[in-house]
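Student: Given chain X's structure and the hints, the job is docking chain L onto it.
There are 2 protein chains.
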Amino acid sequence: MSAPGQPQNTIYLPKGFSFSALSAGIKVSGRLDLALVEACLGTTAAALFTKNRVVAAPVEIGRDHLAKMRGRMRAVIVNSGNANCATGKPGLQACERICRETAGALGLKPEEVFPSSTGIIGVLLPVKKIAAKVPELAAGCEPTQDSMGQFAQAIMTTDTRRKLASAQFRSGKSKVSLLGIAKGSGMIHPQMATMLVYIFTDIAASPKELAHHLREASDQTFNCMSVDGDMSTNDTVLLLASGKSGVRLTGSLATKKFSDALLGICQSLAGQIVADGEGVRHVIHLSIEQAQNRQEALRVARAIAHSLLVKTAWAGADPNWGRILAAIGACGVPVDPNRVSIYIEGQMVCRGGVGCHFDSLRAHANLSQPRCEIVVRLGRGSGAAGFTTTDLTEEYVRINADYST
Amino acid sequence: MSAPGQPQNTIYLPKGFSFSALSAGIKVSGRLDLALVEACLGTTAAALFTKNRVVAAPVEIGRDHLAKMRGRMRAVIVNSGNANCATGKPGLQACERICRETAGALGLKPEEVFPSSTGIIGVLLPVKKIAAKVPELAAGCEPTQDSMGQFAQAIMTTDTRRKLASAQFRSGKSKVSLLGIAKGSGMIHPQMATMLVYIFTDIAASPKELAHHLREASDQTFNCMSVDGDMSTNDTVLLLASGKSGVRLTGSLATKKFSDALLGICQSLAGQIVADGEGVRHVIHLSIEQAQNRQEALRVARAIAHSLLVKTAWAGADPNWGRILAAIGACGVPVDPNRVSIYIEGQMVCRGGVGCHFDSLRAHANLSQPRCEIVVRLGRGSGAAGFTTTDLTEEYVRINADYST
Chain X
-10 MSAPGQPQNT IYLPKGFSFS ALSAGIKVSG RLDLALVEAC LGTTAAALFT
40 KNRVVAAPVE IGRDHLAKMR GRMRAVIVNS GNANCATGKP GLQACERICR
90 ETAGALGLKP EEVFPSSTGI IGVLLPVKKI AAKVPELAAG CEPTQDSMGQ
140 FAQAIMTTDT RRKLASAQFR SGKSKVSLLG IAKGSGMIHP QMATMLVYIF
190 TDIAASPKEL AHHLREASDQ TFNCMSVDGD MSTNDTVLLL ASGKSGVRLT
240 GSLATKKFSD ALLGICQSLA GQIVADGEGV RHVIHLSIEQ AQNRQEALRV
290 ARAIAHSLLV KTAWAGADPN WGRILAAIGA CGVPVDPNRV SIYIEGQMVC
340 RGGVGCHFDS LRAHANLSQP RCEIVVRLGR GSGAAGFTTT DLTEEYVRIN
390 ADYST
Chain L
-10 MSAPGQPQNT IYLPKGFSFS ALSAGIKVSG RLDLALVEAC LGTTAAALFT
40 KNRVVAAPVE IGRDHLAKMR GRMRAVIVNS GNANCATGKP GLQACERICR
90 ETAGALGLKP EEVFPSSTGI IGVLLPVKKI AAKVPELAAG CEPTQDSMGQ
140 FAQAIMTTDT RRKLASAQFR SGKSKVSLLG IAKGSGMIHP QMATMLVYIF
190 TDIAASPKEL AHHLREASDQ TFNCMSVDGD MSTNDTVLLL ASGKSGVRLT
240 GSLATKKFSD ALLGICQSLA GQIVADGEGV RHVIHLSIEQ AQNRQEALRV
290 ARAIAHSLLV KTAWAGADPN WGRILAAIGA CGVPVDPNRV SIYIEGQMVC
340 RGGVGCHFDS LRAHANLSQP RCEIVVRLGR GSGAAGFTTT DLTEEYVRIN
390 ADYST
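Chains as they are written, first to last, in this note's numbering: chain X, -10 to 394; chain L, -10 to 394.
For reference, chain X alone in the conformation it holds in the complex:
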């Protein structure tokens, strides 16, 4: 695996999947905005969705299709440029029609198609434009790096770059490949894999096994990061397993290798998403230590990660630890400020709730790097959590003040 935040050089294409993408004119820019994956017969699936109570039509229908097919999926159709959310019954009907058209073009049942949408909320999906392009899209499916790359491009909205991660391991004489493709740069918030993530593998596994591994990996990665604290209405992480490697997810060795590879892919994609956060100049890794438990550590991490004053200080590479301390004090955890210590890239800046003499030029230089680590010790117990977040820049405001109008 490459380091988080860095895209990988070697991409392994799992067997059993082919990709296609084109422009259906949903984006005014004319860029790629419609993408398809065709999976071979027997492919199993598991998914995680947003916890927002307001969910987009494709989330409702994707959940429904997975249930109806008991975790067997044959295609994924994604559009960018329109979230098909808060669009009521017409939105559901539009999504159903896209699934029907896709199924028709590929010779499948509509329930075997998993839909996703990302983009603006509250605008009806241009369903005719999309439907007209589905046959061409289906005909273009190829199991190649090129078409996979086009798929990764087509699902982007405000992303500035494609997000890919891949891994391969041996099991006996066979090789198992995993490939993750993600999009996401705004509305990134923990509590759910708040973005679109598709992970493909050619291992053979039951939907239940996939669901277990996907939840484990997501809890340690996508649920421990935040760009802006907003929870999307469309977030989806989908794991598809074609079985084409001939290797079954069984036995402790193959299981360990698979879960390590999956975690690595989720880590890499999570890192890439945060690093490509809207307007982000600095990625901050928070380590919260000495909490009573992991939940408490995460609560403190989120309070710090969501404080506008903390995030704007980071934008200025300002080692203003007082704002971090104030955010901790306000988060509801009964912290004793006199036991809190804060470190910036290994240098102690606050001991027992009080500032200590430190090299502020060095701290400023550390915070000026693309990535910096901040450790907070609470003096309450042995719970800990890591959390990846970002600064908040004028560029973020510019992007989001101008996005829809």
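Just so you know, these hints were derived from the structure itself, not from any lab. Careful: at least some of the hints might be erroneous.
Stated by the list, open to error - Not the full set, but computed from the structure, chain L residues with beta-carbon under 10 angstroms of chain X:
| hint | residue |
| --- | --- |
| 1 | Leu2 |
| 2 | Lys4 |
| 3 | Ala72 |
| 4 | Cys74 |
| 5 | Ile110 |
| 6 | Thr382 |
The beta-carbon is built from N, C-alpha and C at its ideal position, and this holds for glycine as well.
Tutor: Just chain L now, with coordinates in the frame of chain X:
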């Protein structure tokens, strides 16, 4: 009373208070940064403080002095430019020394002095500089509009203007005056009067009576507003009553007049603080209706008011109601999206969780005004709450990325 957000023309000086301010060199700019109020013998007091677990030295000592003196105060000393927070024992000693010096100069006990500080966290108070200026400050106390204006100026940090509100009412042959002076523009968040607010009156009242009225008025004003969602470590609202009007806070008529006047002053100051929020171009008044109860309505209001995507949309005067709906869906209240309606300045933009046809140019024009009202109906009950908040602009980021370095 003038409208919220607008400073008043007529300022009534309550009898029994004199003011003074000077530059002690705490601010590098050389601006006024040290201010004093002297109150006459018999003055009663009540205060509300930040709920942040990290509190500044003056908050600890102010609370302690109020308790020791059983709500009788004779002086208030305020410095800007340094919060004296996260400064440990030396910070407490510095604050105690300032109180001692002030008491010495005015012939009081140190416990009769109420201290406040506002500014950067984690830097030791330049106590010698301040102590050296206290005699001059004490000697300069005058019961005049001019010196009161200087006091209001001296407590400012990133504020762009002074914040004053005043009221007067008759009770029998006497007149009772109230005067509020506030500072605050960053770190503005509900749950506590998150700023420095001093309210002076010449009515005669017990500390207990004052505490009751102050809490009532604050709950409806300072606790229902937010600029950036950050809770300060130094927030203080202090109400002082000299008794010099000869009118006692007793009987239903005087009590009603007083509580109305106090509420009006708090409303005006809260409005002025939000309107002067860092980088604020648009003040948004949220009305959350049809919640199960007021607490639930406030929870929804805060979720909307703290969403970066919502706040940045407002910066662009963008009627992107989908972001409001997404923020409601993520806030933890079990809202049924299909029952939610949203109005921008009286125009329905979302009905039953779905966008409706609306005049988007008109909505954009409404949101381009300095002040705009957004109503959200949840369809859950008859609870309601009003909440005042702001947009988030590039200017906010600029101010806060550069504040301390």
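Student: Hints first: check each against the structure and report whether it holds.
Tutor: Hints, verified against the model:
no.: 1; hint: Leu2; in the structure: 35 angstroms, violated
no.: 2; hint: Lys4; in the structure: 38 angstroms, violated
no.: 3; hint: Ala72; in the structure: 8 angstroms, holds
no.: 4; hint: Cys74; in the structure: 7 angstroms, holds
no.: 5; hint: Ile110; in the structure: 3 angstroms, holds
no.: 6; hint: Thr382; in the structure: 6 angstroms, holds
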